[in-house]
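2 protein chains.
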Amino acid sequence: MANKTTELFNLYKDIGQKVHHDCGSQSITDILNSISLECIRYLKRVNKKSLFSQIPDKKYFSFEIKKIFSRPVNAELWLEDVDFLKKFFIKLRGADLRGLSISDITKAFYTIAMGFCCFVDLNKSRDQKTPGTFFEYLIGHVFARVLGVNPRRQLEVLNLDMKSTLPTDFIFDLGPKKAKLHLPIKTSTRERVIQVWAHQRVLDGVYGTGRFRGTLVCLTETKMDRNSLEVIEICLPDQWRLYQMFIAQLTRVYYLDVPRRYEELNRVFPKITVAPFGQFFFELEALIS
Amino acid sequence: MANKTTELFNLYKDIGQKVHHDCGSQSITDILNSISLECIRYLKRVNKKSLFSQIPDKKYFSFEIKKIFSRPVNAELWLEDVDFLKKFFIKLRGADLRGLSISDITKAFYTIAMGFCCFVDLNKSRDQKTPGTFFEYLIGHVFARVLGVNPRRQLEVLNLDMKSTLPTDFIFDLGPKKAKLHLPIKTSTRERVIQVWAHQRVLDGVYGTGRFRGTLVCLTETKMDRNSLEVIEICLPDQWRLYQMFIAQLTRVYYLDVPRRYEELNRVFPKITVAPFGQFFFELEALIS
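As you go down the protein sequences, you meet chains G and Z in turn.
Oh and the first sequence: position 122 is 127 in my numbering, straight run, nothing missing.
Oh and the second sequence: position 189 is 194 in my numbering, straight run, nothing missing.
Bound conformation, chain G alone (with noise of 0.2 Å):
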């Protein structure tokens, strides 16, 4: 395994390289497409461990190699099908996946992404900044596919007499006259998801209420008792409804794996738009004027 862990993280690390001359580069499409049918081929071979899922209606599973286990698994958003991921990196190479469907978009990228981590969870221990870093990478790649535009990672503030730059998330600069894209990639949020929030005002207060829109995207929020095999959500909407109403607004979140407690939020006051990821595909001129 050695040698195939090997040429992974440099593939990986190719990314790196790449991303920050050219965020929406092919050349990175393609090196995510050789990932992740590195991974799907790996994991193929590998038990699933089925999870006790204490989250109605959704089923998990976990990779396992002799007591070692990936992170759970959602079984209905898992593509084992490479002929499918094969065309649908043909069809973001083009940077058009509209032909598809938010199901499909969502299940596509969910195992891109949870392949190369689960493969990281049972080949480095303790590694929690690889996938982190990795779900970047493809998120941000994405969206600089998608918008055509490279991201930044640092804004200047001119504010009167005062000159600084301000480090924030992704930032997709679509033009003047335009809304621009304020965009924080995690793989879960916990407690840490007020700096979001946070983020969102100062940019508000820096360069006016809503000229760039909140977009969360995160994986997932489950987390798994290792003895038990249990799978909970941990989730957080109360908190979510006091950061939306007392620091700052954010546009969508979009999940990979929606949490169904987050789901709610969209029926309830203060209004936070939680949606799977396929559905920004459908709705990004909506979000960007």
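In short, the hints are calculated from the structure, not lab data.
Among these hints, one or two may not hold up.
Heads up, the list lumps identical chains together, so a pair's fine if it works in one copy or across two of them.
As the list claims (entries may be wrong) - Listed below are the simulated DSS-like cross-link pairs for lysine-lysine, each with C-alpha atoms no more than 30 Å apart in a straight line:
1. Lys72 <-> Lys134
2. Lys71 <-> Lys134
3. Lys228 <-> Lys134
4. Lys49 <-> Lys18
5. Lys23 <-> Lys53
Guided by the hints, dock chain Z onto chain G, whose structure is given.
For chain Z alone, kept in the frame of chain G given last:
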């Protein structure tokens, strides 16, 4: 060493038990006293390795056992005078430190906090959580002891048709017609500090601006390179200024080892009062009225 480690960790766990019942009790002062003296006696026999300080007018060393290094320790703030500390603990037991200077109080708390942190660094690899929790216990205890009030860690939000609880850092409620204290406690802040301003903003929004006085207490912002043995302070003063202007206002930031570049914030707009921790005991009344 295994015995000493077990003994000290048991004392530490004792505090964890007691802190929920009566955070300011004399019995906690006594345990802190025992832990502190044990740590100092232990560290007196350990090699001190001088570090290359990149911070103007500050000298640092690291305790070292067989190439295992503790976090950097500020040589000026580290007390080895066991007699002084014994007297200090007698005063703390009486909940009145006013006979001492700001500088002596700050050094005493620095030594108590750092002694345990360095002990853990040397005896438990990769354990960041225990030193952080110990520091929370220490500072939470001191506030409870001096204010004569137990802190809360969540607040009820009762707001028209909304009812929920808001988890927060320590909150000290001094009764009606007084300001309340919002007390986040961190061994270091880095980029996570934005959470503190964001929590303050939620409190301002829910309960009224300024009703909670934001009082951040930190140990240090030093970072040591284990290869070159260089020590730097990681400071983001321009970010802090933006947070203070655009998110919320913190009333005080206390450090046990005040970072050089945050001292400047006392002298520029927007004013952020950054002070050595000892100062708290001399301005307490002003802070809550």
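These are the hints, each one checked on the structure:
In this assembly of identical chains, the alpha carbons of lysine 72 and lysine 134 lie at most 30 Å apart whether taken from the same copy (22 Å) or from different copies (26 Å). For the identical chains of this complex, lysine 71 and lysine 134 are neighbours both inside a copy (23 Å) and across copies (29 Å), given an alpha-carbon limit of 30 Å. Taking the shortest Cα distances, lysine 228 and lysine 134 sit within 30 Å of each other both inside one copy (17 Å) and across copies (20 Å). Taking the closest pair of Cα atoms, lysine 49 and lysine 18 come within 30 Å of each other only inside a single copy of the chain (24 Å); across copies the shortest separation is 45 Å, beyond that limit.
For the homomeric pair lysine 23 and lysine 53, neither the shortest alpha-carbon distance inside one copy (34 Å) nor that between copies (44 Å) is at most 30 Å.
The structure does not agree with numbered hint 5 stated previously, though it agrees with all others.
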